[in-house]
Amino acid sequence: EPEVTQTPSHQVTQMGQEVILRCVPISNHLYFYWYRQILGQKVEFLVSFYNNEISEKSEIFDDQFSVERPDGSNFTLKIRSTKLEDSAMYFCASSGIQSYEQYFGPGTRLTVT
Amino acid sequence: RKEVEQDPGPFNVPEGATVAFNCTYSNSASQSFFWYRQDCRKEPKLLMSVYSSGNEDGRFTAQLNRASQYISLLIRDSKLSDSATYLCVATSGSARQLTFGSGTQLTVLP
Numbered sequence: 130e131p132e133v134t135q136t137p138s139h140q141v142t143q144m145g146q147e148v149i150l151r152c153v154p155i156s157n158h159l160y161f162y163w164y165r166q167i168l169g170q171k172v173e174f175l176v177s178f179y180n181n182e183i184s185e186k187s188e189i190f191d192d193q194f195s196v197e198r199p200d201g202s203n204f205t206l207k208i209r210s211t212k213l214e215d216s217a218m219y220f221c222a223s224s225g226i227q228s229y230e231q232y233f234g235p236g237t238r239l240t241v242t
Numbered sequence: 002r003k004e005v006e007q008d009p010g011p012f013n014v015p016e017g018a019t020v021a022f023n024c025t026y027s028n029s030a031s032q033s034f035f036w037y038r039q040d041c042r043k044e045p046k047l048l049m050s051v052y053s054s055g056n057e058d059g060r061f062t063a064q065l066n067r068a069s070q071y072i073s074l075l076i077r078d079s080k081l082s083d084s085a086t087y088l089c090v091a092t093s094g095s096a097r098q099l100t101f102g103s104g105t106q107l108t109v110l111p
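Just so you know, the sequences run in chain order A and B.
All you need for the working numbering is the position in the first sequence, starting with 1, plus 129.
All you need for the working numbering is the position in the second sequence, starting with 1, plus 1.
For the record, the hints were derived by calculation from the structure and aren't laboratory data.
Not one of these hints is a red herring.
Just the calculated beta-carbon pair ranges, DEER-fashion:
| id | chain 1 | residue 1 | chain 2 | residue 2 | range |
| --- | --- | --- | --- | --- | --- |
| 1 | B | E4 | A | E214 | 15 to 25 Å |
| 2 | A | E130 | B | N56 | 12 to 22 Å |
| 3 | B | P15 | A | S156 | 38 to 48 Å |
| 4 | A | N181 | B | D78 | 39 to 49 Å |
| 5 | A | E182 | B | E4 | 21 to 31 Å |
| 6 | A | I183 | B | P15 | 46 to 56 Å |
| 7 | B | S29 | A | D200 | 38 to 48 Å |
| 8 | A | D200 | B | E16 | 43 to 53 Å |
| 9 | B | E16 | A | S210 | 49 to 59 Å |
| 10 | B | S27 | A | G201 | 32 to 42 Å |
| 11 | A | E182 | B | E16 | 42 to 52 Å |
| 12 | A | N203 | B | R77 | 39 to 49 Å |
| 13 | A | S138 | B | R77 | 28 to 38 Å |
| 14 | A | T240 | B | D78 | 36 to 46 Å |
What you are looking at is a predicted structure, and each value in this text was computed from that prediction instead of being measured.
For glycine and all other residues, C-beta sits at the position ideal for the given N, C-alpha and C.
In isolation and in its complexed conformation, chain A is listed as follows:
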């Protein structure tokens, strides 16, 4: 069964450093998403991406964040200058063109020290 994959599973970084989280969506999906979940809190939408551009973003997704599809398989989330409050689980998801069902990857746990 096809699945979304994410790397790394855990990333530790110092405050102010840049991080790039990587995702490989399900191969025939065309919509891609990033969500985050701070420990003990709800899953929160960050951004959706379609046809090589951002289609929606939340208030959380400020200028420190960017997304990119650098090639035909990867989808990345970059945080330019990490803050302590960026520590969270980051989930990538994807969905097909005819379905609104989103399938999530296993997540990257980001710890900012």
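Fit chain B to the supplied structure of chain A, relying on the hints for placement.
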């Protein structure tokens, strides 16, 4: 603010019990609804979509009441492996942005 509200539980039930979870959503423009399950420190896994006519998948039945903006999930004959947090999810804005509830924790006891 567009929210999805759930009873956080926890629900502790014996194996074989029937358990029901309820959820309300505030955005009347929401078009699509889902139940996900999330195991501790894992990703949300899609359990089922929820349709206006109600739908069933094995031991799981989901119902949607658009007039009341209310969604439910019924689990029959619960198994130990059903122990997880159940997330009620509605789309917000466009159909592609998911808003999650805070989840209802279920523990099925032997």
